[in-house]
Amino acid sequence: MNLALKNPMPIADENAALSSTLPLLKVHQLTKLFGHEKGCQDVSFDLYPGEVLGLVGESGSGKSTLLSVLSGRMPPDRGSVQYAEDSAEDNANWLDIYAAGEARRRQLLRTEWGFVEQNPRDGLRMSVSAGANIGERLMAQGVRHYGQLRETALHWLQQVEIDAARVDDPPRAFSGGMQQRLQIARNLVSSPRLVFMDEPTGGLDVSVQARILDLLRSLVRELDLAVILVTHDLAVARLLADRLLVMRRSRVVETGLTDQILDDPQHPYTQLLVSSVLQA
Amino acid sequence: MDTIIKVAGISKKFVLHQQHDVTLNVLSEISFEVRKGECLVLAGRSGAGKSTLLRMLYGNYLTETGSIQMRHDNRWLELVGANPRQIMAVRRHTLGYVSQFLRVIPRVPTIEVVMEPALLRGIPAAHARRRAETLLARLNISERLWSLAPGTFSGGEQQRVNIARGFMVNWPALLLDEPTASLDDTNRRVVLELIEEAKAEGSALIGIFHDEKARTKVASRLLDMESEEINHV
Ligand SMILES: Nc1ncnc2c1ncn2[C@@H]1O[C@H](COP(=O)(O)OP(=O)(O)OP(=O)(O)O)[C@@H](O)[C@H]1O
Ligand SMILES: [Mg+2]
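Protein chains in written order, with our numbering: chain U, 1 to 280; chain G, 281 to 513.
Some hints could be false.
What the hints assert, rightly or not - Restraint ranges, calculated between C-beta atoms of paired labels, are given here:
1. Leu304(G) / Trp94(U): 42 to 52 Å
2. Gln298(G) / Gly35(U): 26 to 36 Å
3. Arg387(G) / Ala100(U): 52 to 62 Å
4. Val388(G) / Ser191(U): 47 to 57 Å
It should be emphasised that the hints constitute simulated quantities derived from the structure, not laboratory data. Note that CB positions come from ideal geometry on N, CA and C, so glycine has one too.
Isolated chain G, as found in the complex (with noise of 0.2 Å):
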């Protein structure tokens, strides 16, 4: 009853026309569930294709084949041939996303990048701000670089600046393409207590983490994407 996530017989291939219409087929056949309060971990070698699976679940990528369903505004939707409207509707209120990396947008201070997903949801100003400086603070993003736009930040910083806006607000479901990569000790402890309080809240979690370490910490599953065996830690 608490599933959140359900994707079965999900496949991508891409198809380069501009280089002799050369085919790269990443993922056959995946199905996997994710409930509520657990973390999926996505392990397989480089190019395996975990990013282009969280990418998927995102709509960012076009899935063509097979089914993703997810719990939004307490029904089922069928993501795999969902309108735009309806891939926005889930983005706004149901599905997070912490990419690679963050994509700055010119002149919006880094203060209402954190704060606009809950902005978006209708989540009064006041109160966005305060949950915004908070987890800046948390991910040592110092006080004085609230205010400018991330655009000349460090990598790390950008990469910060992202995850406080990932958990900005708690989401149904949340997708993590390697949060704690470029990061220092004391800052991917923050990110495994943030993944740790959104997996207590009742997330469901489905990330990919290069480092052993994190990875053994947050996973309740793996999904090994070169044999696609789940596995039960």
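This is chain U alone, in the form it adopts within the complex (with noise of 0.2 Å):
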């Protein structure tokens, strides 16, 4: 029944098509160990400009961990975590973040990448206006024009669907789910081209988590951000995700595209994940 391959055409290199861009970060033998089998290790995976990847996973898999040490945050065991800093069409300047100095880190965290926090007062200043919070970034990148700073301020508010109204309002007076939106302006107003998420709507209300979610996925679009994601909550991984890394106890036992991994899971560990929600 096979018919015949008539016409063999020889098979391109695939790279060389679809993959001109180069990855935004190279992330090699990742390790940072607690304990045995706490924290992470032997983690590697490229992350490009635009995607959104998922590190999903039970609590105590060390997805945190994992995002900490990605971050910048906590320096691992072993491994390295590389950055594309200035890249052009097919070359860039490599930045081994944890070789680069504290301060570069710092500024780094502060401009090119951004850090939502589970918990947005971890996240924001909670005494000083919303416009402020929205406006840090700016200033600490040299903006002092006032009217520009409260345009931008303005503007944000805006995109994350608060009233503009509430902008010399502190984040004190914020419901839980404004905080969050609140948070996510604050780190997008400098352009990230990387953003950090640990369970951006782990404790908020299901109907608050809805119009987070379809924020995020719409600015991510807009934006061609590139996100790294922690949930253990599969149907946002499905919503936001392109891509996702399955943790247990410390290592990735599973990668792949996201519908492929929660539709058809190979790890036994991952058919358990999957099988034990709903409907994700």
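With the hints as a guide, dock the two chains, each given alone in a separate frame, to form the complex.
Given below as structure tokens:
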């Protein structure tokens, strides 16, 4: 029955056509252990511009440790994280973020990178106004013009669907969902290329979650953001992530396209994870 | 020269680790090719693995052995073993898929669900909107529903939104999993027209149709998934 392959045609070098752009992040054999299988070990992957990578797995599997090491907040025991600084067509300046100094790392985290904490109180300054929260990164980058800061703050409040009239209120006066949206605005204002998120909808009601997920989904696409997202919620992973790493006891047990991992999981642990939720 | 998809010797088994490692051998050694402008119809009893095969072609189910080659970006790309970025690029530009059920995203209005494949390809929004409106109107989705999220729609309405989305762009290759199921005669005819139009535009189609009449109308060839034979019609 096999129809002869009549027109043999050389298979092109797959990578040439599809991935002329370079990765944004190269992660090699990253390991940080606090005890036996506590933490993360031997994690390697490349992340490309505009790509959303989800880290999933049960609590204690090492997702948040991995996120901390990836984002420059916790030095690894071994392995490396390399970031493409000023990359052009097919040429990048690779910055090894733990070989770089503390000052450079901090600067990166305030400008080209962002970090959305699970608890907005950890990512916001609760006592200053919403507008000042949004303006902080710009001021750190040297923007001093009051009118410009104000205008940007109003623009970003609108982007995250917060009433502009609240610009002078402190986040203390906001609901949990509003605080989380403000934290997102505070991070995105500096036009980062890479944003880390740790359970960004974790502590919120389902109805509030949907709104934030929808917002993240459209912002990620509009701004062509690369995102590394920790979530234990497979429905959130399905909605936001292009690709998943499944972690168990500090190791990555399976990786692949999000819908393939969720619909045809191969590893026994991934099958267990997927079958324990009703519908993702 | 017009071949778009070449499948050679692919098999599929599911190992259910949560259920005593039971192994289901669903497909074995499937091979076929599909050319521009034709529709290959997958036939076989329920459970024969028709939907499984479509999902493998789309990269939704993993294929471990054999070869699935797709004409993409003017070259042949091997999808077995391809990385996620390559599969995403194929899904954006080359391969469409109308699944049996619409997967709704909370809060996203119907018109945007339908427009999305065009926007992902960089087609201007105004142009995409016009085509989406035309498709929704042809599929008899009432205009007052266009700005609502399809989550609360009836099964048949959701399926028609799904079809409109699937026919939003001219796919070089398009997979259809029972696109006419749960539709009334009028809408079934519209879907069959859309399929004929896609064939005329040069799409290579692979479809599953339970309805005998629909099948004979659109099929260029049948792939019998029990005996795995290709019958020319
Ligand atoms: N993700 C999966 N995990 C385990 N088994 C699966 C999975 N998907 C499909 N199967 C099994 O593969 C077999 C073929 O299913 P499939 O849905 O492909 O059949 P089908 O020919 O499309 O049937 P129908 O005509 O009823 O739609 C079935 O036994 C099904 O249970
Ligand atoms: Mg089926």
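Here is how each hint holds up against the structure:
For leucine 304(G) and tryptophan 94(U), the hinted distance range of 42 to 52 Å is satisfied, since their beta carbons lie about 46 Å from each other. A hinted range of 26 to 36 Å for the beta carbons of glutamine 298(G) and glycine 35(U) is consistent with their spacing of about 29 Å. At about 41 Å, the beta-carbon gap between arginine 387(G) and alanine 100(U) misses the expected band of 52 to 62 Å. At about 25 Å, the CB distance of valine 388(G) to serine 191(U) disagrees with the hint of 47 to 57 Å.
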